[in-house]
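Colleague: If you're matching them up, the sequences are chains X and L in order. Going letter by letter, the first sequence gives residues -9 to 105 in my numbering. Going letter by letter, the second sequence gives residues 427 to 540 in my numbering.
The set of hints was computed from the structure by calculation and includes no laboratory data. Remember, it's a predicted structure, so these values are computed and weren't measured experimentally. Each residue gets a CB set at the ideal place from its N, CA and C atoms; glycine is no exception. Hints may contain errors.
Below, a sample of chain X positions facing chain L; criterion: calculated Cβ distance under 7 Å [claimed, not checked]:
1. Gln34
2. Met35
3. Leu37
4. Phe81
5. Lys92
6. Lys97
7. Gly98
With a Cα cut of at most 27 Å, we get these calculated DSS-like pairs of lysine-lysine [what the hints assert, rightly or not]:
8. L:Lys437 / X:Lys97
9. X:Lys60 / X:Lys97
10. X:Lys92 / L:Lys437
Given next are the chains, with one letter for each unit.
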Amino acid sequence: AQTVTQSQPEMSVQEAETVTLSCTYDTSESNYYLFWYKQPPSRQMILVIRQEAYKQQNATENRFSVNFQKAAKSFSLKISDSQLGDTAMYFCAFPPQGGSEKLVFGKGTKLTVNP
Amino acid sequence: EAGVAQSPRYKIIEKRQSVAFWCNPISGHATLYWYQQILGQGPKLLIQFQNNGVVDDSQLPKDRFSAERLKGVDSTLKIQPAKLEDSAVYLCASSIRQGRTEAFFGQGTRLTVV
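Looking at chain L on its own, in the form it has when it is part of the complex:
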């Protein structure tokens, strides 16, 4: 079974530039999550999708971050404009359904904003 795919693995941008991350969940997984992991901390949920609908985006900085999951499959997370404090690893995860099931994570994208 193929795992959660993310790209790119690494990205370096200057502040005020824009960046986009892509995630392809495990086939058949209805729930998709984007987490932000700042160095030295545990991951923090940014947004959760159930199919192509948003379930929770309470911690997403909506003035600069946006995410979509068209057709309920792959997803894109965008930052525009980026700030220095956005430097982090962005992890995508998926689970079969919303509920008490295991979430599977991708390898993440390490973003450095200079």
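If we strip away everything but chain X, and leave its shape as in the complex, we get:
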């Protein structure tokens, strides 16, 4: 079965500090994409960052970066210089068929940034 596991239901961090959210997945595919989505209270899912499995270099988007360990099937999200606006649910997502379709989501991590 192709699954996504987020082992941290809730996390908190002080403003300006760094926090890492973990995600593991299971697949038999060799080439695929992995995604982190942010869902604020407004409910709209917003793509934070995307990683292509065939690329060895970890993806980076401003304050957001990933630590992608393909052999370990691990895909963690690091948020640097945390801001109050980063408070949200964060979901790791993965397309079982390898393409960007039929995303399977983890259960999410609720991140709270404290002032």
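Following the hints, position chain L against chain X.
Modeller: Then chain L, alone, in the frame of chain X:
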């Protein structure tokens, strides 16, 4: 660029009633998805359209849920009759094409069945 539009934002109905949700994807996006997100869980795909054809509806409870995407643009998801366990947020998403492209989500409809 306008985003994915969904309506209504909120809906409260009694069990056994029917309800419909509407979604208008980003212009030019061929692929449209409906996800169900139960409180405390990640979204689960209900149905995926490519233009006006169904690509995947394996997790759609077809005895009560139906969806259509006439003319390959906007889409409607219907529940009839609703059950208590259908209480959830229903998210619509679209992407340019089926494949390795980003999906953009709407703000969702929060359904409460009482």
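Colleague: Determine for every hint whether it applies to the structure shown.
Modeller: Consistency of the hints with the structure:
no.	hint	in the structure
1	Gln34	holds, 5 Å
2	Met35	holds, 4 Å
3	Leu37	holds, 5 Å
4	Phe81	holds, 5 Å
5	Lys92	holds, 5 Å
6	Lys97	holds, 5 Å
7	Gly98	holds, 6 Å
8	L:Lys437 / X:Lys97	holds, 24 Å
9	X:Lys60 / X:Lys97	holds, 21 Å
10	X:Lys92 / L:Lys437	holds, 26 Å
Hint violations for this structure: none, all hints satisfied.
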